[in-house]
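Engineer: Given next are the chains, with one letter for each unit.
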Amino acid sequence: GENVEQHPSTLSVQEGDSAVIKCTYSDSASNYFPWYKQELGKGPQLIIDIRSNVGEKKDQRIAVTLNKTAKHFSLHITETQPEDSAVYFCAAPHAGGTSYGKLTFGQGTILTVHP
Amino acid sequence: GEEVAQTPKHLVRGEGQKAKLYCAPIKGHSYVFWYQQVLKNEFKFLISFQNENVFDETGMPKERFSAKCLPNSPCSLEIQATKLEDSAVYFCASSPSANEQFFGPGTRLTVL
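The listed protein sequences correspond, in order, to chains A and B.
Per our numbering, the first sequence starts with residue 1, numbered consecutively.
Per our numbering, the second sequence starts with residue 1001, numbered consecutively.
Bear in mind the hints are in silico, worked out from the structure with no lab data behind them.
All values derive from a computational prediction rather than experimental measurement.
Beta carbons: idealized from backbone N, C-alpha and C, even for Gly.
Fair warning: there could be bad hints in the mix.
[As the list claims (entries may be wrong)] Not the full set, but computed from the structure, chain A residues with beta-carbon under 10 Å of chain B:
#, residue
1, Y32
2, Y36
3, K42
4, L46
5, Q107
6, G108
7, I110
Please build the complete structure, drawing on both the sequences and the hints.
Structural biologist: Put into structure tokens, the structure is as follows:
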């Protein structure tokens, strides 16, 4: 099955700095990689995703990069703001069979942005 | 609807009691997934549906957990005879394709 490792577990930055969170995965057949933001008391919110046919995707201040050879993908947040403070999760779905779509999540990164 | 709806928001049960959770997926989405989030943010997959058919139930403790997604009704997750270790937040997510999954706000179950 899929195994997803996420680092760091906590990340503290000053407002305006960049933040980078990294994940590795084990199943080379995985072809879709979402990132979720979870605020306290809320459900995970899909913030960006990438498919295996591209190496990078950007959406305003957030970007995701994918290295299929090394089996790792990263979330980059630029010009961080206090409202970016949350827990961020990477995930990878099972690629086939009856477990298709079942997400395996990373361990989560608690991001704190200090004003 | 445009968002996944889950009810109730909170549920408190005594050990051994039944608990039933509901999920209304986004209209037009044919996949529904249930996950359990326990302490330290760990997510555990429970079950998935494609329309009203069970797609993958490998995460379900079948002796006490059951789930359904019937046409024109919210999906449901039922726990018979709850145990203390069932205390968690239960999320459902819906998806048009089994890739992009959109999560609901969750139901917090507390078993006393």
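Engineer: All hints are to be evaluated individually against the structure, with a verdict given for each.
Structural biologist: Consistency of the hints with the structure:
{"no.": "1", "hint": "Y32", "in the structure": "holds, 5 Å"}
{"no.": "2", "hint": "Y36", "in the structure": "holds, 8 Å"}
{"no.": "3", "hint": "K42", "in the structure": "holds, 6 Å"}
{"no.": "4", "hint": "L46", "in the structure": "holds, 6 Å"}
{"no.": "5", "hint": "Q107", "in the structure": "holds, 7 Å"}
{"no.": "6", "hint": "G108", "in the structure": "holds, 4 Å"}
{"no.": "7", "hint": "I110", "in the structure": "holds, 9 Å"}
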